[in-house]
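S.K.: Could you build all of it, start to finish, from the sequences and the hints given here?
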Amino acid sequence: MTSQLSIIVVEADRDRAHQIVDSLKTAGYDRIQVISEASSLARQISAFQPDMVLIDMTHPSRDMLEEMALASGPLDRPVAMFVDQSDDALTGAAIEAGVSAYVVDGMRPDRVKPVLDAAIARFRMFERMRKELAETKRALEERKIIDRAKGLVMKARGVDEDEAYALLRKTAMDQGKRLADVAEALVSSAGLLS
Amino acid sequence: MRLEELKIGFMPLVDAAPLIVAAEMGFAEEEGLSLVLEAAPSWSALRDRLCFGQLDAAHMLSPVPVAGALGLGGGGAKLDALAVLSVNGNVIGVSRAVAKRMKDRGHDFGFDDAIAAGKALIGSMDGPLRVGVPFPFSMHAELVYYWLSALGLPAPQNLHVRTVPPPLMADAIKAGEIDAFCVGEPWGSRSVETGFGELLLPGTAIWSFAPEKVLAVRSDWASAEQALGAKLIRAVWRAARWLNPASSRSLVSELMSRDRFLGVPADLIDRALRGRFMINGSGDGRASEGFVEFFAGAAGFPWRSQAEWIGTRLAARTGLDRDASVDASRKTFRSDLFRAALAGVAPDLPSASVKLEGAIDTPTAVGSLGGRLTLPRDSFFDGRIFEPLDS
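The listed protein sequences correspond, in order, to chains A and B. Using the numbering used here, the first residue of the first sequence is number 298, and each one after it goes up by one. Using the numbering used here, the first residue of the second sequence is number 13, and each one after it goes up by one.
No wet-lab data here; the hints were simulated from the structure. All C-beta atoms, glycine included, are put in the ideal place defined by N, C-alpha and C. All clues given are correct.
The calculated lysine-lysine pairs, modelled on BS3-like cross-linking and capped at a C-alpha distance of 27 Å, are:
1. Lys467(A) - Lys434(A)
2. Lys112(B) - Lys131(B)
3. Lys343(B) - Lys19(B)
4. Lys452(A) - Lys467(A)
5. Lys410(A) - Lys90(B)
6. Lys19(B) - Lys428(A)
Have a look at the derived ranges for each label pair, beta carbon to beta carbon:
7. Arg328(A) - Asp183(B): 23 to 31 Å
8. Asp296(B) - Arg328(A): 52 to 60 Å
9. Thr330(B) - Ser320(A): 31 to 39 Å
10. Glu50(B) - Lys467(A): 33 to 41 Å
11. Asp414(A) - Gly188(B): 34 to 42 Å
12. Gly83(B) - Glu393(A): 24 to 32 Å
13. Arg272(B) - Ala436(A): 21 to 29 Å
14. Arg270(B) - Ser491(A): 24 to 32 Å
15. Ser320(A) - Thr206(B): 32 to 40 Å
16. Gln301(A) - Gly83(B): 27 to 35 Å
17. Asp232(B) - Lys434(A): 40 to 48 Å
18. Lys434(A) - Asp120(B): 52 to 60 Å
19. Ala109(B) - Ala436(A): 46 to 54 Å
M.R.: Written out as structure tokens, the structure reads:
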């Protein structure tokens, strides 16, 4: 029986770090350290001597990890980005999800795969959450603009709220535009005239 | 006409200019291409996205394809350089504490003498000199090793070259982790603006014609998509030609300062493009001719001897066999594809693919397809000449 992998997670965001650690623990891995401080990353990592490092692809300090592939002192364990030539799909999926794994030299791909699978699932969820948040923000912004446009129409035409909304909606349909775009145009031109 | 779409990654640096100009000023459309530019957060992310097919081509450090061919560093697929995107363009800076020690010892910060600057820097250190560079496989690292080793500073004993992403360089200096740095623009000028560094030398003071960034694609893509690759080479070559006159350069500073490209004030970009620097917080100015070249002197031509120089340096430092490295390195710089793509388009191209590196002290006419090509100075600061094998 091989001993369990020790894993470092490089992640500055506390919540995200917790979630990654949780999902790795659920997958049966307990020896996990989190590094949140980017400075002297390579030194911190070599002090822990992990088997594997997981890092967000978009992390600007990721380039520091590349240096460890060259660290070849007698006590250093060379670490390289995990690329499994026999299973390009796995590495590709990791890159798409936005996570990179660095592993010590000579680690067998079948030992890396389950960890990476768990991390990929988690990072995909982050990506979904990020998109959902952006979407929600946009929807809120649009609602605010539409409300202001409705107010402008009500005041200028002396109509009630439902009628103002119907008028905006009809204009948008006639022009083949989105309601929010029509509202935005109205609000910005009203700003010019007032 | 339907445009063929290519996804191209870049790092937000001044020397991404030829790609940005090709995409924004109509040179790609002329070739029937639509370039979708995507900024990358790190060199390793950019390399991986290229290797795993999420990008068709990328702005890349010239040593990265060579390192890949030698089996160094991470990454999947092998990469080739279709063209050199820029020659030169780096600056070397020091922390303010080191600058003060150097001034106390009488260094004048003349910004032109690599021997005087190097000796003053070495002389001002008590312990090992620690230099931050953006990536382990970069012209930045190569220039630093070449310069300081030639001046007698042994690496790795007394010279520690460390990877520090430029956005984190200020923190690394504040934390006392590095004494000096070698970076591309606008990071050098930013270090002066934000007050943590002073500029010591332009990269040209070490090597006057150093291939800095290349247009990289996967090797299998280069073979399978030769027609597409040729279109891309032509679009980028025309963009570089447009960028060459000084009059274009202030316009392009404005273009590149936009948020989706560099997102820094146009003034900082302009300094690099015109080679007019502010080297410290007191506003002392220095000029640097040929600070960054995109076109002049056949700058775009990917000389196989440039790749060989890089490969030989990498091999010596990592203990690889020189002969095997030479062959693998050379193949990554595709002078064959560059020449084929520009036949009948460029007025003149070198007829050889290999040259002595560092042998030209004054601009010299060389053998070329049209017979009218002059190459600019390409000397190293110590006058050494690099002779490719079997040339």
